[in-house]
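A.B. asks: Use these hints to put chains B, C, D, E and F with the ligands onto chain A, whose structure you have.
What follows is each chain in one-letter form.
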Amino acid sequence: MKMIVAIIQPEKLEDVRKALIDAEIFRLTISRASGHGKPVDESLYRGQVFKPNLQPKMRIEIALNDHFVEPAIQAILEAARKSDGAIGDGKIFVMPMEDCIRIRTGERGGEAI
Amino acid sequence: MKMIVAIIQPEKLEDVRKALIDAEIFRLTISRASGHGKPVDESLYRGQVFKPNLQPKMRIEIALNDHFVEPAIQAILEAARKSDGAIGDGKIFVMPMEDCIRIRTGERGGEAI
Amino acid sequence: MKMIVAIIQPEKLEDVRKALIDAEIFRLTISRASGHGKPVDESLYRGQVFKPNLQPKMRIEIALNDHFVEPAIQAILEAARKSDGAIGDGKIFVMPMEDCIRIRTGERGGEAI
Amino acid sequence: MQRLQPQSLATRSTASRLGWLLALITAAIAIPAPAFAQQPEIDTGTTAWMITSTALVLLMVPGLAMFYGGLVRTRNVIGTMMHCFTAMAIVGVLWAVVGYSMTFGDSIGFVGWNSDFFMLQGIDETVRESGIPEYVFVMFQGKFAIITPALIAGAFAERVRFRGYCAFVLLWTTLVYFPLAHWIWGGGFLTGRAIDFAGGTVIHISAGVAGLVSALYLGARRGYPQTAMHPNNLVMTLMGAGLLWVGWFGFNAGSSEASGLVTAQALTVTQISAAAGALTWIAIEGVHLKKATSLGLVSGILAGLVAITPAAGDVLPYGAIVLGMLGSIFCYGAVLIKAKLGYDDTLDVFGIHGVGGIVGAIGLTFFLRPSPDRPSIGTQLWHQVEGVLVSIGYSAVVTLILIILIEKTLGFRMPPAEENAGMDHVLHGEEGYGLLNPN
Amino acid sequence: MQRLQPQSLATRSTASRLGWLLALITAAIAIPAPAFAQQPEIDTGTTAWMITSTALVLLMVPGLAMFYGGLVRTRNVIGTMMHCFTAMAIVGVLWAVVGYSMTFGDSIGFVGWNSDFFMLQGIDETVRESGIPEYVFVMFQGKFAIITPALIAGAFAERVRFRGYCAFVLLWTTLVYFPLAHWIWGGGFLTGRAIDFAGGTVIHISAGVAGLVSALYLGARRGYPQTAMHPNNLVMTLMGAGLLWVGWFGFNAGSSEASGLVTAQALTVTQISAAAGALTWIAIEGVHLKKATSLGLVSGILAGLVAITPAAGDVLPYGAIVLGMLGSIFCYGAVLIKAKLGYDDTLDVFGIHGVGGIVGAIGLTFFLRPSPDRPSIGTQLWHQVEGVLVSIGYSAVVTLILIILIEKTLGFRMPPAEENAGMDHVLHGEEGYGLLNPN
Amino acid sequence: MQRLQPQSLATRSTASRLGWLLALITAAIAIPAPAFAQQPEIDTGTTAWMITSTALVLLMVPGLAMFYGGLVRTRNVIGTMMHCFTAMAIVGVLWAVVGYSMTFGDSIGFVGWNSDFFMLQGIDETVRESGIPEYVFVMFQGKFAIITPALIAGAFAERVRFRGYCAFVLLWTTLVYFPLAHWIWGGGFLTGRAIDFAGGTVIHISAGVAGLVSALYLGARRGYPQTAMHPNNLVMTLMGAGLLWVGWFGFNAGSSEASGLVTAQALTVTQISAAAGALTWIAIEGVHLKKATSLGLVSGILAGLVAITPAAGDVLPYGAIVLGMLGSIFCYGAVLIKAKLGYDDTLDVFGIHGVGGIVGAIGLTFFLRPSPDRPSIGTQLWHQVEGVLVSIGYSAVVTLILIILIEKTLGFRMPPAEENAGMDHVLHGEEGYGLLNPN
Ligand SMILES: Nc1ncnc2c1ncn2[C@@H]1O[C@H](COP(=O)(O)OP(=O)(O)O)[C@@H](O)[C@H]1O
Ligand SMILES: Nc1ncnc2c1ncn2[C@@H]1O[C@H](COP(=O)(O)OP(=O)(O)O)[C@@H](O)[C@H]1O
Ligand SMILES: Nc1ncnc2c1ncn2[C@@H]1O[C@H](COP(=O)(O)OP(=O)(O)O)[C@@H](O)[C@H]1O
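Protein chains in written order, with the numbering used here: chain A, 1 to 113; chain B, 1001 to 1113; chain C, 2001 to 2113; chain D, 3001 to 3439; chain E, 4001 to 4439; chain F, 5001 to 5439.
Rather than coming from a laboratory, the hints here were simulated on the basis of the structure.
Incorrect hints may have been included.
Below, a list of computed lysine to aspartate or glutamate pairs in the EDC-like style, where the Cα atoms sit at most 20 Å apart [what the hints assert, rightly or not]: (1) 4291/E x 1024/B; (2) 5291/F x 89/A; (3) 18/A x 89/A.
To give an idea of the chain A side of the interface with chain F (calculated C-beta under 10 Å), a few residues [claimed, not checked]: (4) 50; (5) 52; (6) 53; (7) 87.
Chain B is nowhere near these chain E residues, computed Cβ spacing over 12 Å in every case [stated by the list, open to error]: (8) 4109; (9) 4191; (10) 4227; (11) 4234; (12) 4343; (13) 4385.
Positions of the beta carbon are idealized from the N, C-alpha and C atoms, including for glycine.
Just chain A, with the same shape it has in the complex:
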């Protein structure tokens, strides 16, 4: 079992969700986050252009059985990339996971994902 954490552009959230559903990955958890990376985005404030230090991002967390990991990565990669790949497009992190428990039933392990 793996835990995938993907940091993506907020505007790509819907596309990524659709892509994951197409890859038969239905369950995920999303939260707002702020990214600090190469600043390229622009923000305006009374006639001045700012490159904000922190930019809004979406953080997607997906627990997966091993054979779903590659499809998930591919789905995210395709859906989250801007037409030609732009700075700020995001990252995917893959971490090991040891157990997963479904609260409703108490099932554990791969079953419960």
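C.D. replies: Structure of chains B, C, D, E and F with the ligands alone, referenced to chain A:
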């Protein structure tokens, strides 16, 4: 050392916190998240019933020494489950953790949890 | 590769960010979180002093190649600690990470961090 | 007749001016002017101010919704604001149908009644003594009837069912507010005895007491007081307080039913008392807690405004300063004592409105503008105490009966699981801040 | 002359009083009073209320911005509020330059024109019949011209370019609003036929229809209706609704151009209809969905307010209750049907303003205050239908042409990627709620 | 006497009408009317509008709190809003105790004084020339005294102690505002020279300069300008701007102290200038940045409103368009230059209020309504420059002294660690948006 991430219904937060305290687990970190799973909840908008794609959830993060893991899982399981177990009750993920540092003192490892 | 999660006081965010940049760590993801630990902070409500159960924290997530881990920990430790170390200063968790993918280019592994 | 005095006073100038002119002219040239005998002329200025007042008092409803809404937990923000808006909907209709008649109709004992007022069908072209169309007076007074039950809602915020609340608003307004307003303002047995310029007794004390009784009967929120329950949006509470201050100008200065001296006097003391209350509260906090809070500042504003409400037409500016200060001191104390006693009057309806109202209603006796036909200070004090006691006693008893009744039939208090989940989700199927989740 | 009737009616008392006095005096002592012949005297009371009304209607612009802004997704909150504020900026200037002239100038066929009104240069000291400076009337009417295109913006919320929107506001106001207002109020061919007290036809129906047409032409938001699009801030929507209710008092009661009986009548029915609309909507929801929502409550308020708008000066209180109820019933139905039909009138501009306006404009026929010089009910009904049809037809056709024109030249609809990213980021380089990110 | 002219002008009609009637009648029938000699009659219409104006200007305080509060970082939102509310509390009391006397009392050199005005004890029944109770004038003017220090707070937002701020408000209002207002409006040495209809010099320039001086002395926020400091709630800033626009109608149109022609003129140019300012700002942005921002739009509104403030009673509509445009152009430039110079006037108090006020005060000379008794354009220009220079010089010097004094005694600037932690937590023990954390 393990890192437990639990996704629960917001309304169960207080119960879960109490249950964890009873299990002598005092430290945790909480954040708002949105869950995407089997949609069953309902939301209303001008006379129409929607099944929202994303539902508000609470995300609880708990770093634990190994022998606290099972008690923590049991505590969450019991407190977070709706009377008869309902879709949306949530999940618990268990991940390996290699180190933990307490910022205040610089202590490391199991001590610092 | 490791994933570092640091929970710090919101007011230390800027200092920590600067310290990490000084340590040549440029990329990170931040989100708001609420901490539950030893309550020491105070909050006022119509003439009464409360010790809130949950206190606002910042959660910093940094994916790192192995040899950056110690510098990152040191940087956070120094920048996030109140003058003499106070309860609530926070924690750093270090977790193993198996892979990292840059969405823009599709690069994987240490390259992509 | 307390209520009616200021109006006659304030409109004297206008009325007498015109009357005098007419008398002169009529006398001089002896042409009959029958049309003028029938109904007072409309005074466009007074009408303008009274309509404006009506709009300002209406502004207090969203103001209160914001004030209260910001103080509860995130999960109950919609439900709490709904309490205010629902009062506007229910009492808005109720007042037009029977309320005005029950309050300002001819006294038939317990309440008033006047079939012309039923559905407002007989006053389409009526003009009052003060030179305003009767409709304007109806609407102005109607806003008071709306705001009173909305105030009470703060006492049992975060834990009641919507059905029960709707029933409560309907019944409480009909059985407590209409009679009480009738007794003190509408010609009932207290009219002309206790001074209650803009509703300290009728509105704030009765609402405060009703809040206390319901908070006691319904019990505390789950987890209170162990769990700290943070305001979800103090920023909105501050905005709401701002609108309340503005709206209160309509509330108090509009109660003169004039656009003249008394109006100006009421305006002035309202402003001063609010400022004095705010200053006092943060001064106390500065000493007591070493910090001044924004919630304290706005609580002080409210305490000052409530304390001056019964007194607004009858005290001088220095009295307003003192009443504002006393309002804050006593309300601060009341809130502290609540914490000691451990009951859960969620938004301190009794602590602010009840206590502030009592301080104002009794305290005003000592700061009255000198006037030849005032009763002695002792008599006046007795009248004030009498008004306060009637309001407390009547409101307490009937509220208790209503709450028990509703709890036993429709259900008032939410069951624990629902209370945990929050009113917004369970009762309204909504979420206050969609922005918290990606959307 | 419908528009002008109330004013003459309401100011009769004042005008006649002074006139009568003067007549008497003049007759008695035979001194000529030439100054009085030239220009009416200013009535300070009427002026006070009309300026206040103007401020209240202006308050509806931020009110609407809040109402609409709260209902869209987080990424479009600034863009949506900008639509309202931009209308205030563009039409604010446009009205002063040519708008007043085109609307209230002497009829030159299609629109009006009066070179004195161009840049308001010839009315610096003009006083109207009603006793208010002409400037006040200009400003009051100008607020209506501002709010109308702002209303439409709700129909294509979350998906249009700012440039295109600016062009739309400019053109629509000039080519649809000014002519229509001229026809019905300014002396054009419908003046004096259809009753439209405060703009049911001119404002709500024309905006509703324009909204419908543009929503249909521009197409639905990406992902609609599969993806649920949650309001980002219902709390703000409630605040906005509160301000709209307050502002509507200026809208309707100010349309009397007086501070007298008609004003009071308009005020009263406005209040009652809003409350009745709110109650009805939550009652329907209670039955239909087993829950009452806050969005339902405020939608009911709006439905009631819209329905009473054309009727405010001419129906009795019981009629207001019925119209408020009918407003909510029909609007509730319209919103449900929209969902069935699947077009994306984002914030239900047609469902609330279009349908509510039609219900009011036609429904009022059956609740008119009895009056000797009314035409028969059939004739009146025909006049109403005529007004409604003209408004629908004209607004639909010209709006469609404008939308197509703008879409083909400047571009109106945002391209998909931009729409996904949201108006705030793409069009304005801003973010509504910085608080969501650590800052 | 500039300040007093409009009032006498505007009330001429009413006054003369009544006076004329009386004269006629008295002459005809020879009955003495002694009561009329003593005190002007109350004009209920003027009173209605002036009370309404007072309420509208009060609305600007929460409006400003929202405007400013939305622009700072999340950690300082409460502290920033507190600045506005605290000014309301402190100056609310101060004005009633000594402020009115120092401003409008008989000139005793540096300031005014009149023991009848101390604690407002001698004006309980006084009526002014204009027909309004003196209390109303006191309250209206008091709101100006409240808003002025609140404006300044934007310049040092996010970095000052509460204690220091309270002392600053108290001292600045007493030592800068009261004298300045006395000199220009209250009978002091500038009265009747510079035209300052509603406070361009007294309020906006003096506040802008005070802001600049304090921003320079106290230094920039930590991390400025390297760290981008995002507004926490632009949505609230927009709401606040909406309320400010509405409130400004009271501010400017109320400054006529009438309900007549001048009132209407002030209202009209206020509306037009605000719209022109808004349009201009977004047009500049469109060219300069290729995007129009909402903050730009509301900054343009403010620039237009500030620029028209000194001119509101004296320019024609086309002048309002030009002044609004100039206001936005110069303020836009000023804000850009600030960025170049690198000082940290956090919310551009000088850039908007200072610069806009100067543009208006000097620019108005060229757009004055023709009038026989105007001085030559050169003379007037000199008077205007004189007023501006006095205001700048006096405000700058005294502000600097006060800031240094407070910084050295109580402490004004927050220490770095506290500044990092934020005012809300450190100074007030509160949090603006509890909703951000589960609660
Ligand atoms: N090493 C990292 N650790 C944590 N978050 C990261 C890391 N790298 C990138 N991110 C997150 O991903 C977001 C987008 O990164 P991006 O700018 O696309 O990366 P890159 O510049 O490597 O292509 C960043 O704003 C940050 O939130
Ligand atoms: N595999 C997963 N990865 C990430 N989050 C998950 C996963 N499964 C469930 N969740 C989270 O838990 C929430 C509740 O899940 P639930 O509907 O109870 O799961 P199930 O349908 O498996 O019982 C979901 O809304 C989602 O936020
Ligand atoms: N074991 C843990 N698991 C999850 N979060 C933790 C843990 N320990 C601490 N935290 C987070 O760090 C925050 C600060 O902890 P702190 O009070 O400094 O810890 P300590 O009391 O151990 O020094 C807490 O509020 C909580 O959010």
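A.B. asks: Where does the structure disagree with the numbered hints, that is, which hint numbers, in rising order?
C.D. replies: 1, 2, 7, 10, 11
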